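Asker: Residue 578 is where the sequence shown starts when you use the working numbering, and the numbers rise one by one after that.
These are computed hints drawn from the structure, not numbers from a lab. Heads up, a few of these hints could be off.
[Claimed, not checked] DSS-like, lysine-lysine: derived pairs with alpha carbons at most 25 Å apart:
#1 K768 to K743
#2 K743 to K651
#3 K642 to K703
#4 K698 to K642
#5 K636 to K716
#6 K703 to K636
#7 K698 to K636
#8 K636 to K651
#9 K642 to K743
#10 K636 to K594
#11 K598 to K703
#12 K594 to K768
#13 K743 to K703
#14 K716 to K703
#15 K651 to K716
#16 K716 to K698
#17 K598 to K814
[Stated by the list, open to error] Now the in silico label distances, taken between C-beta atoms and shown as ranges:
#18 N665 to P614: 22 to 30 Å
#19 P813 to N718: 23 to 31 Å
#20 Y726 to D699: 38 to 46 Å
#21 D799 to K636: 31 to 39 Å
#22 K636 to G591: 41 to 49 Å
#23 S600 to W714: 12 to 20 Å
#24 Q807 to D699: 39 to 47 Å
Small disclaimer: the values here were computed from a predicted structure and weren't measured. Note that CB positions come from ideal geometry on N, CA and C, so glycine has one too.
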Amino acid sequence: MAILEVENLSKNFGGLKVLNKVSFTVAAGEKLALIGPNGAGKTTLLNVLGGQLSATSGKVSLAGKQITSLSPNKRLHLGLSRSYQINNLFFNLSLIDNVLLAFYGAEKFHFQMLRSLEQRKDLFNKSQRLLETIGLWEKRNDILNTLSYGDQRLVELLSAFTSEPKLALLDEPSAGLPSVEASAFADVLRKLSANTTLIFCAHDMDLVFNLADRIMVLCFGDVIACGLPQEISSNPKVQEIYLGSE
Numbered sequence: 578m579a580i581l582e583v584e585n586l587s588k589n590f591g592g593l594k595v596l597n598k599v600s601f602t603v604a605a606g607e608k609l610a611l612i613g614p615n616g617a618g619k620t621t622l623l624n625v626l627g628g629q630l631s632a633t634s635g636k637v638s639l640a641g642k643q644i645t646s647l648s649p650n651k652r653l654h655l656g657l658s659r660s661y662q663i664n665n666l667f668f669n670l671s672l673i674d675n676v677l678l679a680f681y682g683a684e685k686f687h688f689q690m691l692r693s694l695e696q697r698k699d700l701f702n703k704s705q706r707l708l709e710t711i712g713l714w715e716k717r718n719d720i721l722n723t724l725s726y727g728d729q730r731l732v733e734l735l736s737a738f739t740s741e742p743k744l745a746l747l748d749e750p751s752a753g754l755p756s757v758e759a760s761a762f763a764d765v766l767r768k769l770s771a772n773t774t775l776i777f778c779a780h781d782m783d784l785v786f787n788l789a790d791r792i793m794v795l796c797f798g799d800v801i802a803c804g805l806p807q808e809i810s811s812n813p814k815v816q817e818i819y820l821g822s823e
């Protein structure tokens, strides 16, 4: 069953065409990686899918419901979440407070604004489960700006999973991580996304080939290849344009 259907999706900025009639589907539970050179349109595609940018033309459907013109907030409540390449966190708050706020922000209704989040045992228990999943529960009371950049990246990713989405969009999830941390990142991300469909763009080929079920290659707004990792790695056009041919 397709969780996402994209049909002839285009995005123009004035006379510049960044996406050119992009079409693809993503099955429920699938992990799809987007790769391509700088300027290929990867982040723009995530922004259009997430509703941060409007499409110039084309259609996007989530679980059979067309969402092309919906706001990011409405897409979130239909099961589509998003994380960013740059951390969007509350660095002067504790780790647990950041996760609690992410859970609270993912709710449809926000009543009792003066009620302490510490009284929300349901959110606290969910936060504990997520932090235990990524091995950060023991640091729950640490102020975020005292944590390593790698831990902060994990907290940024957590925000994409607090709404228990059907589909999560991740923009360069391992950006800025040293190779020694990035090597274990795929395992953590696999645990986080065990029950979630993923679309992620990355330049980290170790992450791509360790995590992705399929890989889609963009080049200047066009899809030039889409297939299994082994098919993409041996594709002569992909090697020439992006991976580097011998």
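Asker: Does each hint hold? Answer for all of them.
Answerer: A quick look at each hint next to the structure:
no., hint, verdict
1, K768 to K743, "15 Å, holds"
2, K743 to K651, "14 Å, holds"
3, K642 to K703, "28 Å, violated"
4, K698 to K642, "33 Å, violated"
5, K636 to K716, "43 Å, violated"
6, K703 to K636, "34 Å, violated"
7, K698 to K636, "40 Å, violated"
8, K636 to K651, "16 Å, holds"
9, K642 to K743, "13 Å, holds"
10, K636 to K594, "17 Å, holds"
11, K598 to K703, "40 Å, violated"
12, K594 to K768, "37 Å, violated"
13, K743 to K703, "17 Å, holds"
14, K716 to K703, "16 Å, holds"
15, K651 to K716, "33 Å, violated"
16, K716 to K698, "19 Å, holds"
17, K598 to K814, "20 Å, holds"
18, N665 to P614: 22 to 30 Å, "26 Å, holds"
19, P813 to N718: 23 to 31 Å, "53 Å, violated"
20, Y726 to D699: 38 to 46 Å, "31 Å, violated"
21, D799 to K636: 31 to 39 Å, "18 Å, violated"
22, K636 to G591: 41 to 49 Å, "23 Å, violated"
23, S600 to W714: 12 to 20 Å, "42 Å, violated"
24, Q807 to D699: 39 to 47 Å, "43 Å, holds"
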